[in-house]
Amino acid sequence: MFRSTGAAFSVLLLAGTLAGAGELHYLEQELVVEAQQGRPENRGLQKVWWDEQRIRSESTYDGRTSVAIIDDRAGKVTLLFPGEKTWLGIELEHYRQVLARRLTAAGLNDPQAEIKLEHTGRQRRIGDWDCHLDVITMTGKWPVRAELWVADQAQLEPAGYLQLLQRLGLERVFGRLAEQVEALGGLVIESRTEQEIHGQKIVTRQRIVKISSRPDRGKTFAVPAGWQQLQDEKFEPEKGGD
Numbered sequence: 096m097f098r099s100t101g102a103a104f105s106v107l108l109l110a111g112t113l114a115g116a117g118e119l120h121y122l123e124q125e126l127v128v129e130a131q132q133g134r135p136e137n138r139g140l141q142k143v144w145w146d147e148q149r150i151r152s153e154s155t156y157d158g159r160t161s162v163a164i165i166d167d168r169a170g171k172v173t174l175l176f177p178g179e180k181t182w183l184g185i186e187l188e189h190y191r192q193v194l195a196r197r198l199t200a201a202g203l204n205d206p207q208a209e210i211k212l213e214h215t216g217r218q219r220r221i222g223d224w225d226c227h228l229d230v231i232t233m234t235g236k237w238p239v240r241a242e243l244w245v246a247d248q249a250q251l252e253p254a255g256y257l258q259l260l261q262r263l264g265l266e267r268v269f270g271r272l273a274e275q276v277e278a279l280g281g282l283v284i285e286s287r288t289e290q291e292i293h294g295q296k297i298v299t300r301q302r303i304v305k306i307s308s309r310p311d312r313g314k315t316f317a318v319p320a321g322w323q324q325l326q327d328e329k330f331e332p333e334k335g336g337d
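Those letters in the sequence shown? Residues 96 to 337, per our numbering, in order.
The set of hints was computed from the structure by calculation and includes no laboratory data.
As a list, the in silico DMTMM-like pairs of lysine to aspartate or glutamate whose alpha-carbon atoms are at most 25 Å apart:
no., residue 1, residue 2
1, K171, E118
2, K305, E242
3, K314, E186
Working from the sequences, and respecting the hints, build out all of it.
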């Protein structure tokens with residue numbers, strides 16, 4: 096599902112989006128899991144397309160790409176495995192349950208955790224955006240600290256993507272973290288997230304490098320012709336997707 100806890104959190108950080116009915120929106124961001132305890136740095140690229148009712152999230156790590164297409168109208172999730180040219184269709188509710196279990200296991204959905212949002216007042220220009228620094232901290236079994244550079248220009252309205260997550264029922268898997276991200280009031284352009292799991296610190300960096308909108312040409316949310324459908328209905332979250 097996600098190659099790291101930080102990568103999972105990065106999906107929620109897309110709470111602010113470009114607005115516009117009838118358009119297909121696109122966002123591209125770089126993800127980096129820093130080297131830790133002899134493990135090499137892991138770099139990835141995430142591409143996200145969305146309209147009012149659907150999301151396509153495509154992630155590439157170590158030369159391997161995985162894709163999840165979430166369709167609110169159909170109540171379905173389609174997982175694409177480009178390396179094997181296969182795909183798997185599952186019910187949206189089952190996807191919610193699997194994602195919630197995965198994030199709970201990662202410590203991101205602890206109901207007993209204390210969460211704080213700090214507006215630091217620091218400012219910085221990143222690419223085309225003037226940003227301010229907010230910090231989210233979460234205590235609990237596995238503490239989290241996220242430094243978030245947020246752009247709040249008018250053209251980046253903080254609504255569309257989070258509203259779509261809410262209709263899909265996906266925002267609830269993040270619990271109270273979703274409330275804090277919604278309170279940011281803008282789009283997270285760059286972030287650095289630290290989490291301690293079993294005594295090991297995991298650091299993930301994220302940076303948006305491209306945002307655009309265009310008319311939908313009809314192929315973004317479709318399964319490529321000729322790909323084989325997997326018959327096993329059991330969804331294993333480690334196998335793929337986003």
